[in-house]
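Student: Using the sequences plus the hints, can you model the full thing?
Here's the letter readout for the chains.
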Amino acid sequence: EDKVVQSPLSLVVHEGDTVTLNCSYEVTNFRSLLWYKQEKKAPTFLFMLTSSGIEKKSGRLSSILDKKELSSILNITATQTGDSAIYLCAAGPGNSGYALNFGKGTSLLVTP
Amino acid sequence: NAGVTQTPKFQVLKTGQSMTLQCAQDMNHNSMYWYRQDPGMGLRLIYYSASEGTTDKGEVPNGYNVSRLNKREFSLRLESAAPSQTSVYFCASSALTDTQYFGPGTRLTVL
Numbered sequence: 001e002d003k004v005v006q007s008p009l010s011l012v013v014h015e016g017d018t019v020t021l022n023c024s025y026e027v028t029n030f031r032s033l034l035w036y037k038q039e040k041k042a043p044t045f046l047f048m049l050t051s052s053g054i055e056k057k058s059g060r061l062s063s064i065l066d067k068k069e070l071s072s073i074l075n076i077t078a079t080q081t082g083d084s085a086i087y088l089c090a091a092g093p094g095n096s097g098y099a100l101n102f103g104k105g106t107s108l109l110v111t112p
Numbered sequence: 113n114a115g116v117t118q119t120p121k122f123q124v125l126k127t128g129q130s131m132t133l134q135c136a137q138d139m140n141h142n143s144m145y146w147y148r149q150d151p152g153m154g155l156r157l158i159y160y161s162a163s164e165g166t167t168d169k170g171e172v173p174n175g176y177n178v179s180r181l182n183k184r185e186f187s188l189r190l191e192s193a194a195p196s197q198t199s200v201y202f203c204a205s206s207a208l209t210d211t212q213y214f215g216p217g218t219r220l221t222v223l
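Protein chains in written order, with the numbering used here: chain A, 1 to 112; chain B, 113 to 223.
Simulated from the structure, these hints should not be mistaken for laboratory data.
C-beta: ideal position from N, C-alpha, C; glycine also.
Treat the hints with care, as some may be off.
Stated by the list, open to error - Calculated pairs, DSS-like style, for lysine-lysine (alpha carbon to alpha carbon, straight line, at most 27 Å):
hint : chain 1 : residue 1 : chain 2 : residue 2
1    : A       : Lys3      : B       : Lys169
2    : A       : Lys40     : B       : Lys126
3    : B       : Lys169    : B       : Lys183
4    : B       : Lys121    : B       : Lys169
5    : A       : Lys41     : B       : Lys126
6    : A       : Lys40     : A       : Lys3
7    : A       : Lys40     : B       : Lys121
Said to hold, decoys possible - Label-pair ranges, simulated between beta-carbon atoms:
hint : chain 1 : residue 1 : chain 2 : residue 2 : range
8    : A       : Thr81     : B       : Asp150    : 18 to 28 Å
9    : B       : Asp138    : A       : Gln80     : 28 to 38 Å
10   : A       : Pro8      : B       : Pro216    : 22 to 32 Å
11   : B       : Pro173    : A       : Leu70     : 25 to 35 Å
12   : B       : Glu191    : A       : His14     : 43 to 53 Å
13   : A       : Gly59     : B       : Gly115    : 15 to 25 Å
14   : A       : Ser10     : B       : Arg219    : 14 to 24 Å
15   : A       : Ser71     : B       : Val200    : 24 to 34 Å
Tutor: Given below as structure tokens:
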């Protein structure tokens, strides 16, 4: 059975801290791992990592895919209160060949 | 370019009532998806449509039906709503890559 596990489930940090969110996956026919940010509404796309692109960076956010360990991390440096959100990890395509399997998310709260 | 749109935004139903959630995308994507999101459960796939004319069950399809009306539109129907279907419903679409783009969601309460 395909599964994606995220840790920790929740995290509280102070502004300026650096955080690392973890995601492990066991997915049939793995092709890609994606990170989304959700702020009380629809998830918005952050990164997609594949065998040909195992490291991505955008501003203070970066992500790495470890194909050997079947895992990924999302790093956020110099956190700001606007980073407070649920961060979702998804891997696919799994048995369907199309759909993504989502983890339960990590709830991040950045306090001033 | 509106992306993925969903209607309605909010809905309250009584047990046993039926309703259809509408989803449309203007990105010319082939694949479309319906998810539900419950507290502590993440996003769970209800149904998906890999391309126009095809639909398949996801992880939690019981109590739901779908219609891929055309390339743009993918609707989700609850024939006889139950309190266990109280949730936030998201529609998403994707092109040839795995990146899915989500609509704003429908918050459904079944009393």
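Student: Indicate, hint by hint, whether the structure satisfies it.
Tutor: Here is what the structure says about each hint:
| no. | hint | result |
| --- | --- | --- |
| 1 | A/Lys3 <-> B/Lys169 | holds, 17 Å |
| 2 | A/Lys40 <-> B/Lys126 | holds, 25 Å |
| 3 | B/Lys169 <-> B/Lys183 | holds, 18 Å |
| 4 | B/Lys121 <-> B/Lys169 | holds, 24 Å |
| 5 | A/Lys41 <-> B/Lys126 | holds, 25 Å |
| 6 | A/Lys40 <-> A/Lys3 | holds, 24 Å |
| 7 | A/Lys40 <-> B/Lys121 | holds, 13 Å |
| 8 | A/Thr81 <-> B/Asp150: 18 to 28 Å | holds, 27 Å |
| 9 | B/Asp138 <-> A/Gln80: 28 to 38 Å | holds, 32 Å |
| 10 | A/Pro8 <-> B/Pro216: 22 to 32 Å | holds, 28 Å |
| 11 | B/Pro173 <-> A/Leu70: 25 to 35 Å | holds, 27 Å |
| 12 | B/Glu191 <-> A/His14: 43 to 53 Å | holds, 49 Å |
| 13 | A/Gly59 <-> B/Gly115: 15 to 25 Å | holds, 22 Å |
| 14 | A/Ser10 <-> B/Arg219: 14 to 24 Å | holds, 22 Å |
| 15 | A/Ser71 <-> B/Val200: 24 to 34 Å | holds, 28 Å |
Of the numbered hints listed earlier, not one is contradicted by the structure.
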